[in-house]
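*Asks:* From just these sequences and the hints, can you work out the full model?
Here's the letter readout for the chains.
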Amino acid sequence: MPIYEQTYRRYGGLRLPPCRGWWVIARTGLASALLDRRFVGLLLLAWAPFLVRAVQIYASANFQQVGFLAPTVETFRTFIAQQSTFMFFVTVYAGAGLIADDRHANALQLYLSKPVTRSEYVVGKSVILVVLLLAVTWLPAMALLLWQVTLTGDAFLLTNSHLGPAIMVFSVIEALVAALPMLALSSLSSSRRFVSVLYAGVVLFSGGLATALGAETGRGWWSWLSPEHALAAVGDAIFRIQTPSSAPIALAAVALAAIVLVSLVVLRRTVCAVDVVSS
Amino acid sequence: MLSDLVTPERLANPTAELDRVTVHYGGTPALRDVSVTFERGTVGLLGPNGAGKSTMLRSLLGLVRSDSGTMRVMGLDVAEAAREIRSRVGYMPERDAHVPGMTAVSFVAYCGELSGLPSSDAMQRAHEVLYYVGLGEARYRKLETYSVGMKQRAKLAQALVHDPDLLLLDEPTSGMDPGGRDEMLDLIRDLGRAKGVSLIMSSHVLPDIEYACDHVVMLDRGRVAAHAAIATLTGHGAGVFEMRVKSDSGRMLTALQEAGIDCNEAGDGALRVTLPAGGTARDLFQVAAAARLQVRHLRPSVPTLEDAFARAVGAPR
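For the protein sequence lines, the chains are A and B, in the order given. Just so it is clear: in the first sequence, position 79 is 79 by this note's numbering, and no numbers are missing. Just so it is clear: in the second sequence, position 275 is 275 by this note's numbering, and no numbers are missing.
Keep in mind the hints are simulated off the structure, nothing from the lab. Take the hints with a grain of salt, since some may be wrong.
Calculated Cβ distances over 10 Å to all of chain B for the following chain A residues [stated by the list, open to error]:
| no. | residue |
| --- | --- |
| 1 | Phe39 |
| 2 | Thr75 |
| 3 | Val172 |
Per label pair, the in silico range of CB-to-CB distance [claimed, not checked]:
| no. | chain 1 | residue 1 | chain 2 | residue 2 | range |
| --- | --- | --- | --- | --- | --- |
| 4 | B | Ser35 | A | Phe88 | 47 to 57 Å |
| 5 | B | Arg221 | A | Leu44 | 55 to 65 Å |
| 6 | B | Asp214 | A | His104 | 33 to 43 Å |
| 7 | A | Arg193 | B | Glu242 | 52 to 62 Å |
Ideal placement from N, C-alpha and C gives every residue a C-beta, glycine not left out.
*Replies:* Following this line, the structure appears as structure tokens:
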């Protein structure tokens, strides 16, 4: 019978167990992001540095005249650091509206009236942004590592066995530190533009403040004020790179943990089906 | 006529029960010590704005925590099995609500998946329920382009897509034009009476409740003011009269109220009088005579839900 001739009828099919709401949210959100041409353009642009590095690795592996271009651990660390610019734009573009748009359209009460918990909702939204961020950091970095191994054999990998895990761990930390504060800010407003401006303001102001205080005092200690600087310090430690100006690793790690914790607390308080106004 | 959708399971047991439930919003009481049982079938939740209707529906879904008391939906404790309840209940919120950037069919299918349907089944059901609610031709349009009435239908479709045992409809005709309102009420009536879906429909519009529902729960300032079958409230019992007196209807109103007879102004100098059980028209003449007022017009009237509501809430109509 054609659908238009059917009336309402009971559903006798399979019902999947609960706890998969986050996956439905994440899958739908990712599909929606990848259908946006401007966002796909941004992703492609974010892979431009990968092409440059791939050519560098190819040249160093095949032409002795440019052997000085041969990649080291620093090369991969620098590559991921360079990607932070694209991470910023991806975070703003894809993250600002993740919860703010739902608040604007009153969708939260719809989500939470389904068998979806608040935690699953937040996890689903986080996964969208984390996956997109990993697509501009971890994925091209691992592709470069694979390219290097393909061209020069596994000697490089054996010498730098920590590199693969370091790329993985740092990319995930970087993605979480970007995604969770953005989601927290997104949950505070129903305007994605306001959230974008707020996020950019926080990142730029904290970075500027940390740089100014560092320059004034001559100490990298102030880096904890800026997520970007704290991430750099943690990244250097994970990649086992010595930089004299880095913040103390313990301080930077605590600062990043605090950012994540505060974001989770904000999300816990703001993601709810009913807005309660105190009398 | 009931269809094969009306199973014995769907007809047995109450759909929801509240036992001494109190809910506060930031210090303001929204429900006060409410105890009520919702029968199977279509139940109207009637009350003025701020009576606690939306709060009660949200509480039944576990979206709002009660400060005290217990609630059961489909036999399940709301405090312990909110997720299970939400997988068996469809909720249509009062305010405009949709997932931004989606077409109606993808939105409804998405809601089906969130409710536990496999992806392909959710999509098929989405097409079916969108046709059922009258959005078949518009199902590939983005929700942002819909009119208020179409958005209301889309909200009903998302509540129906997973074939719930109980529908909670919060002001389903809110913001709709008269034609759309009638069609929405016909849909609700069909769901409740022909398709065997139990539903609780909140509204402050009495004719909507009277048209679509079998039972009514009247709320007033967070308390249950009355709870009965609509047929019981309107069909028999106390007699209702339309009455006019010469010159001072206000004095007659006072005299009747002092005599313990429910009475309200019906506009244009007329009074609508509801006699207590056992009362007769002679009582009205006696009150008028005692007040030295002359009755110019007395006509029996059919009791309506409005009369019952006015009696229960004690407010002028």
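*Asks:* With reference to the structure, classify each hint as holding or not holding.
*Replies:* Checked hints:
no. : hint                             : verdict
1   : Phe39                            : 12 Å, holds
2   : Thr75                            : 40 Å, holds
3   : Val172                           : 27 Å, holds
4   : B:Ser35 to A:Phe88: 47 to 57 Å   : 56 Å, holds
5   : B:Arg221 to A:Leu44: 55 to 65 Å  : 60 Å, holds
6   : B:Asp214 to A:His104: 33 to 43 Å : 38 Å, holds
7   : A:Arg193 to B:Glu242: 52 to 62 Å : 59 Å, holds
Consistency note: the structure conflicts with none of the earlier hints.
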